[in-house]
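Asks: Going line by line, the protein sequences match chains Y and F. Just so we're aligned, residue 7 is where the first sequence starts under the working numbering, counting upward by one. Just so we're aligned, residue 7 is where the second sequence starts under the working numbering, counting upward by one.
Hints in this document: simulated from the structure, not taken from any laboratory. Note that CB positions come from ideal geometry on N, CA and C, so glycine has one too. A portion of the hints provided could be inaccurate.
[As the list claims (entries may be wrong)] Pairwise CB distance ranges (calculated):
hint: 1; chain 1: F; residue 1: 150; chain 2: Y; residue 2: 161; range: 33 to 43 Å
hint: 2; chain 1: Y; residue 1: 83; chain 2: F; residue 2: 111; range: 46 to 56 Å
hint: 3; chain 1: F; residue 1: 43; chain 2: Y; residue 2: 167; range: 51 to 61 Å
hint: 4; chain 1: Y; residue 1: 170; chain 2: F; residue 2: 109; range: 28 to 38 Å
hint: 5; chain 1: F; residue 1: 21; chain 2: Y; residue 2: 62; range: 35 to 45 Å
There are 2 protein chains.
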Amino acid sequence: MSETRRGRPRRAEIDARVIEVATELLLRRGYGGLSPDEVAERAGIAKTTLYRRWPTKDHLAFAVVARLQDDDEITDTGDIRRDLPAYLEKIAAGLERMRRAGRDPGDTGDTGPGPGSVADLLAAAARQPEVGELVREMYARRNTLARALLERARDRGELRPDLDVEALFDQLAGALYYRVLVTGLPVDRAYAERLTDTALRGAARERN
Amino acid sequence: MSETRRGRPRRAEIDARVIEVATELLLRRGYGGLSPDEVAERAGIAKTTLYRRWPTKDHLAFAVVARLQDDDEITDTGDIRRDLPAYLEKIAAGLERMRRAGRDPGDTGDTGPGPGSVADLLAAAARQPEVGELVREMYARRNTLARALLERARDRGELRPDLDVEALFDQLAGALYYRVLVTGLPVDRAYAERLTDTALRGAARERN
Numbered sequence: 007m008s009e010t011r012r013g014r015p016r017r018a019e020i021d022a023r024v025i026e027v028a029t030e031l032l033l034r035r036g037y038g039g040l041s042p043d044e045v046a047e048r049a050g051i052a053k054t055t056l057y058r059r060w061p062t063k064d065h066l067a068f069a070v071v072a073r074l075q076d077d078d079e080i081t082d083t084g085d086i087r088r089d090l091p092a093y094l095e096k097i098a099a100g101l102e103r104m105r106r107a108g109r110d111p112g113d114t115g116d117t118g119p120g121p122g123s124v125a126d127l128l129a130a131a132a133r134q135p136e137v138g139e140l141v142r143e144m145y146a147r148r149n150t151l152a153r154a155l156l157e158r159a160r161d162r163g164e165l166r167p168d169l170d171v172e173a174l175f176d177q178l179a180g181a182l183y184y185r186v187l188v189t190g191l192p193v194d195r196a197y198a199e200r201l202t203d204t205a206l207r208g209a210a211r212e213r214n
Numbered sequence: 007m008s009e010t011r012r013g014r015p016r017r018a019e020i021d022a023r024v025i026e027v028a029t030e031l032l033l034r035r036g037y038g039g040l041s042p043d044e045v046a047e048r049a050g051i052a053k054t055t056l057y058r059r060w061p062t063k064d065h066l067a068f069a070v071v072a073r074l075q076d077d078d079e080i081t082d083t084g085d086i087r088r089d090l091p092a093y094l095e096k097i098a099a100g101l102e103r104m105r106r107a108g109r110d111p112g113d114t115g116d117t118g119p120g121p122g123s124v125a126d127l128l129a130a131a132a133r134q135p136e137v138g139e140l141v142r143e144m145y146a147r148r149n150t151l152a153r154a155l156l157e158r159a160r161d162r163g164e165l166r167p168d169l170d171v172e173a174l175f176d177q178l179a180g181a182l183y184y185r186v187l188v189t190g191l192p193v194d195r196a197y198a199e200r201l202t203d204t205a206l207r208g209a210a211r212e213r214n
């Protein structure tokens, strides 16, 4: 074992520990309550170590978001009418979790209709072009997997062969974001089912 | 004419002048460059008059957004395949305008893929519950008109009778917001046409 490795945790272990602490803080306190200095202290590492890996609070916050997204598995059972609402429900749950992060639910258990940290995170990505680029790459990777689910359903004949998969996925994910960010209406399993049904059946009276 | 009215502009005139100046500043400089004090000065009114009507910068910013939305007429020609992309194109143009507000387009005329002031405005609405409530009411009023367009198309038989109009509208508007805020992909007339076609035809291979 080399001198520099003796007794020191590996980089992957440090990363995992930092992200775990940051995840806990972000979900409990919201974007405004996340402090990289505090994360470093709680994770037992030097601040310089943390900032070398995640140069700003926003880099750290989106590392948490990426990790939470990776935890949401995309299940393909071969039945798109089952798999699609299941996946949309996961996106909805992730948005709801971030919407509520750091907000006092009050006596009723309700945090109100505002978008909470979902809006803070998007504004953070908008402020720093470099972070924005990371976020768009993260979503691009993630959405490629989600679109593959739709493409496989198309290839086995559940969806029509000339389907615009990109537009369809934008509509499904977009509806969830729109409700959380703009209209403040709830997103849940029932809503995921409504979206799936509306998108699959189509709005026109007659197919043409 | 009463003493207090002599020579003074009416409240509606003052409002219109303030909103005009604020619109020009917001679109030219972006959310970060909007200053209520400067708006009051340019409109030639006392700061106290402005703050009595719009207590914070965010109230003023959303008065601008509401005015811009009202300028986007919803045209009903009786053909939903024509009216829907036309209206979606207006939403897209409004988002693009706010996305580019205050950003230097550089030598290429491109401001890059970030959401710009669209994200700033949503974060502002998230910060102040009272402003968030105003914003949700504004969108609720606006979206009622847009959904009426779909409901009339359903009533005259262009759309299916059991259509979930709310889910359909969320999907269409949501896809535009999702691209501007999250994936950074362009929204324009061609994309509005893709959305309309995908939503009207439906994704499923066979109607069921």
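Asks: All hints are to be evaluated individually against the structure, with a verdict given for each.
Replies: Results of checking the hints against the structure:
Our hint of 33 to 43 Å for residue 150 of chain F and residue 161 of chain Y holds, since their Cβ atoms are close to 40 Å apart. Checked against the given bound of 46 to 56 Å, the beta carbons of residue 83 of chain Y and residue 111 of chain F, roughly 47 Å apart, stay inside it. For residue 43 of chain F and residue 167 of chain Y, the hinted distance range of 51 to 61 Å is satisfied, since their beta carbons lie about 59 Å from each other. The given range of 28 to 38 Å is respected by residue 170 of chain Y and residue 109 of chain F, whose C-beta atoms sit roughly 29 Å from each other.
Judged by the Cβ atoms, the range 35 to 45 Å given for residue 21 of chain F and residue 62 of chain Y holds: they are separated by roughly 40 Å.
In this structure, every one of the numbered hints holds.
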